[in-house]
Amino acid sequence: MTILTAFVYLLAAVLFIVGLKFLSSPRGARRGNQIAALGMLIAIGWTVVVLGRTFTPAGVTISVAGVAIGTAIGVVGARRVKMTAMPQMVALFNGVGGGAAALVAVSELLTLSGSRPDFQTGVPSVFAIIVGGISFAGSAIAFAKLQELMTGTPLTYPGQQLVNGLLALVIVVLAVVLLALTGQPAVFVAMLVLALMLGVAFVLPIGGADMPVVISLLNAFTGLAVAASGFVLNNFALIVAGTLVGASGTLLTKLMSDAMGRSIGNVLFGAFGQAQAGPEGGAEAGDRSVRAGSADDIGTMLAYSRKVVIVPGYGLAVAQAQHAVRELADLLEKRGVEVEYAIHPVAGRMPGHMNVLLAEANVPYEQLKEMDEVNGQFRNTDVALVVGANDVVNPAARSSPGSPIYGMPILNVDESRNVVFLKRSMRPGFAGIDNELLYDPKTIMLFGDAKDSLTRLVAAVKAA
Amino acid sequence: MSGQLVTEITYFVLAIFVGFEVISKVPTILHTPLMSGSNAIHGIILVGALIIAAGAQTPLQVVLGFVAVVLATTNVVGGFVVTDRMLEMFKGRRQPGSGGPAADGLPGSRSDRS
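Taken in order, these protein sequences are the chains called A and B.
If you read the first sequence in the numbering used here, its first letter stands for residue 1, the second for the next number, and so on.
If you read the second sequence in the numbering used here, its first letter stands for residue 1, the second for the next number, and so on.
Bound-form chain B, shown alone:
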């Protein structure tokens, strides 16, 4: 077993503990955004996809590399953008807090996208 493999296994094991620890206390309302956010983080596979795409030579490698880059980029970009959209909603609702509900505002003026 090479020294590098041992190092990699060490990172792996430590990352498991950090992963458990970092979200151990999370309110229910954040489950969905958190899932979505961590979903974006595994988009790091784009790094791997780029590595295989960079060295692509045969037609098969080119096709595989291309598809992998498209899929990985979709994961990372879509993941972060969709999470941001969810959390945008959370931020917006703290402002109308004082002075009663902002009932006379223009409904939907801020969130016209959907």
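Chain A extracted, bound-state conformation:
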């Protein structure tokens, strides 16, 4: 590495750090992303310049074609994706990074043509292959769960921990063989395959509701895999940028699980939602009656309230009902009703997801209240209108220590005078847990697609 290259990479690293700093404040967030992107452009552009004449003819072709194809996939994917599908898109972009890190290490080991790698190359290569592989496959499963290509409920089977443990053990044995005995491709290719399997096995038993935490963790994994590739290639830019992401991603993972009131270990290994009775099959659910209301009744109730708090959840996002909910809110405000939105930290699929969706529908910022701010106000609220949310208002989190969500901070909508749930069915939320509040005498259900229900409510309020 020449001195000039070192300085260019240093500049890029500074831009990444400044970018991350800006990204953590609402005001500068967008500029922060742009600053980081500029740093990236500088680092990559300079790398191409330095590599210059060393490119083989085939190297030029695959680089140009690869960058063109990757750019097309990235831009189209990122631009076309619906705001609701944002989390799985992030998972996908993360996974491919991990895959690339693993391939870089594989490629470096191949240049040794079978001889044992020295410690300095071997250790980071092994790390990049294993961690990159886990991140790639794990992200793919996270994507599949969020995209509902497969069930979001945790997949468990007897002896699962044992199987996962064995997989990990074999990987470690292969790593030792590679470092101590031989650099045969069979060894590290087998290692990569097993790492991919471990990635799948690792994410399968984790419920869909916990995917944001998993994605954040895998994001940190990819960062570390990238840093490891940096050690393999002796590349300063990879080491610094990868480590930055590895460290900040780890902290972010912890912040996210804190927001859900759980430990990272509990999220990853708790097989969330595994134990409680099945949602439909539960006899207790069948016995109790719920009160289903008509849109007219509920509309009238809303129109003559003094204060309404709207609790949006993922159901609102799925139904693309953010514009409809704003229309209802505007209408109520014109009638003098005080309207606020209560945003649970993990409403939607990811922290901040709901804020993004409502901002898209031009909901005024001042009306969005965070949990701590709004929880004291439910006592003075006439109607809490829960739109497609469930787990984040489930009182079981406060009252039943046996519940998987026990201890998670929730919105205390049960304290308001009336609760209206807009839900598609009696199906429990993403965590698969029955909600007592649905059977409460002061709760009224309005079944149907969130957008349709809201449109009917708008008509009812207009008529009232």
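Since the hints were made in silico from the structure, they are not lab data.
Taking lysine-lysine and the DSSO-like style, the derived pairs with C-alpha atoms no more than 30 Å apart in a straight line are: (1) B:K25 / A:K21; (2) A:K254 / A:K82; (3) A:K21 / A:K82; (4) A:K369 / A:K254; (5) A:K307 / A:K442; (6) B:K25 / A:K82; (7) A:K307 / A:K369; (8) A:K462 / A:K307; (9) A:K334 / A:K369; (10) A:K369 / B:K25; (11) A:K369 / A:K82; (12) B:K25 / A:K254.
FRET-style restraints, in silico, Cβ to Cβ: (13) A:T2 / B:F17: 21 to 31 Å; (14) B:S2 / A:S113: 16 to 26 Å; (15) A:S115 / B:L5: 15 to 25 Å; (16) A:R27 / B:T58: 44 to 54 Å.
Beta carbons: idealized from backbone N, C-alpha and C, even for Gly.
With chain A's structure known, arrange chain B on it following the hints.
Showing chain B alone in chain A's frame:
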């Protein structure tokens, strides 16, 4: 242990501390964009992918290099673009602040993409 390795380990350790420090105070609403933004930053692996692609000679190296470049470019480009799209929403909502909610605007006119 070579001097270069020592230097690299130094960078590594210092970067860990910077990484923790730089996001230690971040509001919940920014968790998702921040994750997405840092996700884009590890797209720096494109630098590594280009290095192995540049030297590719055997068919196997060519295939590996090509796949690595595609994956890494997807990571970096998609990561930054998707983050920008999320943050675009944040910026837009400060303007209608004065003079009450912009209820009479054209709904969805600004965000017709989704």
